[in-house]
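S.K.: Here is what each chain is made of, one letter per residue.
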Amino acid sequence: MITAAVPEREDYLNVSHGLKSWLLTKDHKRIGLLYLATITLFFFLGGVFATVIRIELLTPGGGLVSSETYNKLFTMHGVTMIFFFLLPSIPAVFGNFFLPMMIGARDLAFPRINLLSWYLLVVGGLFALFAMLAGGVDTGWTFYTPYSTTYSNTWVIATALGIFVAGFSSILTGLNFIVTIHRMRAPGMTWFRMPLFVWAHYATALIQVLGTPVLAVTIVLVFCERVFHIGIFDPALGGDPVLFQHLFWFYSHPAVYIMILPAMGVVSELVSTFSRKAIFGYRIVAFSSVAIAVLGFLVWGHHMFVSGQSLFAGMAFSFLSYFVAIPSAIKVFNWTATLYKGSISYATPMLYAFGFIGLFTMGGLTGLFVAALGIDVHVTDTYFVVAHFHYIMVGGAIMGYMGGLHYWWPKMTGRMYPEGWAKLSALVIFLGFNLTFFPQFILGYLGMPRRYHTYPAEFQILHVLSTAGASVLAVGYAIPMIYFAWSLRYGKVAGANPWGATGLEWKTASPPPLHNFDKIPVVTHDAYDYSTVVGEAVEVG
Amino acid sequence: MASTLQEQFDTEAQQKDASTLGMWIFLITEVMFFGGMFTAYTVYRRAYSDAFAVASSSLNVTIGAINTAVLLVSSFTMVMAVRAAQLGQRRTLILFLVATLIFGGIFLGVKAYEWNEKFEQHHVPGPSFHLEGVPQQSHAQLFFSLYFAMTGLHALHMVIGVGIISWLIWLARQGRFTAEYNTPVDIAGLYWHFVDIIWIFLFPLLYLIDRHLPK
Amino acid sequence: MTEHIDSIRTYALVLLALLVLTAVTTLVAFVDLGEFSVVVALAIAVCKMLLVALFFMHVRHSTKLTKLVLLGGLLWLVILLMLTLSDFTTRGWIGVPGR
Ligand code: HEM
Ligand SMILES: [Cu+2]
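Protein chains in written order, with the working numbering: chain A, 1 to 541; chain B, 1 to 215; chain C, 1 to 99.
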């Protein structure tokens, strides 16, 4: 190579060097990568906990760890995966990186606050990490009172503080997105020309902003109760533990949509790009994101059917839960309708999109099962629920995350990943996932409760299958780690628009320059108007 | 004058709009934050209305009302500061910011005095808690748990506000604000008024429950 | 955004109104209005909030979006309160068979 003579093109990665230039960066793209590194570490940590859990469950007797340790393991698995991996995952990495680019902005509205929110996640994560190393927590990720406030002898406060701090990270990200979408769109970028990814993030940001503060205050109250022994939730002092559950789920049901809406946004991009068609019913899909965000706030009581909540409220919440399914279903139908007569290419990101659609549908439909008051009394707190939410969170959200990672990798790094390996690992993940979690539906239906490390011998076969699946899944996640790292150096150099996609992020170089565009684009077309990319090279595997 | 326009924005107006919107959204998160406590309050006041009435009547209503007035006056001085900033009147701006700081300080001082009183009267939740005239001590304790949580978090917001205003005074003295650029004063004003509004609700909810009942 | 600067007189009148309302709400609390007293207290508080928001926080002159944000936030507070109360106020409305 004779690169010495040609001055290297300046992009966001090589404008400045050194650790300081990263730790003090205000560039949304670099902050996105900081998040990527952070959450990958937490994903790994959560994965380690999961591995020990699955190994423990190989035998009915539970020989590997004690009951106390097991309680800590599933708690730390849940806390890590939910608060430190999945909640920040797509919004903080791809949202950060691509939302400004997709609307033709130079950066988010508040770059310094953006950096602050990364630091908050890190500090929150360190609190949680400290709690784990010091001895762990055993309350479950749900921190139900009075166990968490009165009885647990583990590191509840440190973990709760960690979540509190990370919550502010999430709030600030949401705030930044909302203001950016309202105030920073490029000329011509009207609301209905925005990519559906942006719409999904707008909806997500609404939830982050409206829901997270309630979690924060709930944590404050738990903190006060544990430290100062005041009795907000303590029945001995006239308090009501069910109130805790209301406040907790007011946030935490909508929070499941913080995890899934961004993935839905990614899938909209993927389905359009790889079938080269505009998303069928664009506006309806856009509004369905907002509808999910709004309706998601009206159903939290479906987590409390057996909590002592009034039967009337139970019925109301059960009824309302069915409404959330409508916009979710609309999305699934519209993606499928988009595929119809599209020129579909089976590139890796698209494989993940397919995986998402199928698995999310299963997760969503079983959501309807458990949202039915009568059925839930039987399956609540069993593996059926565990399977339900893993179908959505792992089968849905992480599939979306992986799809997005492959889709935008060339843009972020300027290099292609190896398509063959990527396809293989997508397949391995899909198979491993189903082998892990499908047996859990059956287990739960047969009566295996969640959060136990011993069980009747007749459940062993299904548990062994699940553990076997988890090993396959682990391999599936390990392969991309390797080839992504490999591609940084050896991957084929990617052009500006390797997929022939329509978004503004593809109209600038890969990797993008510091302020994203050499000149702020003027938008004249709808999102997904493929007439704008006619003739551009397409290198789809 | 050095440009106050940050590189991600095209115009000063866009920048100001963004900051204002950002502040409003932040205030909404605060509404929800306090909202969790208001919810707890509502649930328990409904359940234990008698104990809450007695407990509420043990608070000193005169002090509470005067302190409310102090806070309202501080909101007035704050809005006057914002006005001075908009008109580019530096000296007036500093004057009113200092006045706001003083009234805020008085409010916090009075609050501290009230809390201290609670400790002396054993009205602080805990083993030594005791309130005359309530059959179920735990229910009265719950009132005071909420009282301390709500006024405590309110006071914390005041303290943060005092910090912000001190910082604004420092900037104003350096002549950073002009009739064209005064967004920080403006949005700090929004914050201060918001904290005032929280107290506007806390005062009747905590101090004024069934005052007419014979004690 | 066109900046609108209110007169000192306006602000002073608003302050006066706020102080009067504070006095009223305090005095009215000593009158036996039964169930109604909390309604009056909250109504006065809402009036005060509106005064502060509309005048001191310039909502009067602000964009539609700001108003929407404000209303949305209050609506969400109502959702939190109402749906939580939908449990606590209906305990025992419907008996659970077998309990
Ligand atoms: C179609 C929409 C959905 C409905 C109707 C629904 C319904 C439910 C219900 C009723 C439960 C409680 C089951 C029980 O504890 O007995 C539940 C649990 C759960 N769901 Fe969903 N769900 C839906 C979508 C989602 C999504 C999108 C996610 C995540 C991204 C999710 C994650 C969870 C989680 C994490 C739990 C377990 C919480 C725990 O630890 O107790 N759900 N779901
Ligand atoms: Cu839910």
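Because the hints were derived from the structure by calculation, they are not lab data.
Please note that the accuracy of each hint is not assured.
To be verified - Taking CB as the label site, the calculated pair distances span: (1) B:L5 x A:R9: 23 to 29 Å; (2) B:S166 x C:L50: 41 to 47 Å; (3) A:F323 x B:Q136: 39 to 45 Å; (4) A:Y147 x B:N116: 48 to 54 Å; (5) C:L50 x A:F323: 29 to 35 Å.
Glycine residues also receive a C-beta, built at the ideal position from the N, C-alpha and C atoms.
S.K.: Now tell me, hint by hint, if it's right for this structure.
M.R.: Cross-check of the supplied hints:
no. : hint                        : verdict
1   : B:L5 x A:R9: 23 to 29 Å     : 27 Å, holds
2   : B:S166 x C:L50: 41 to 47 Å  : 30 Å, violated
3   : A:F323 x B:Q136: 39 to 45 Å : 41 Å, holds
4   : A:Y147 x B:N116: 48 to 54 Å : 34 Å, violated
5   : C:L50 x A:F323: 29 to 35 Å  : 33 Å, holds
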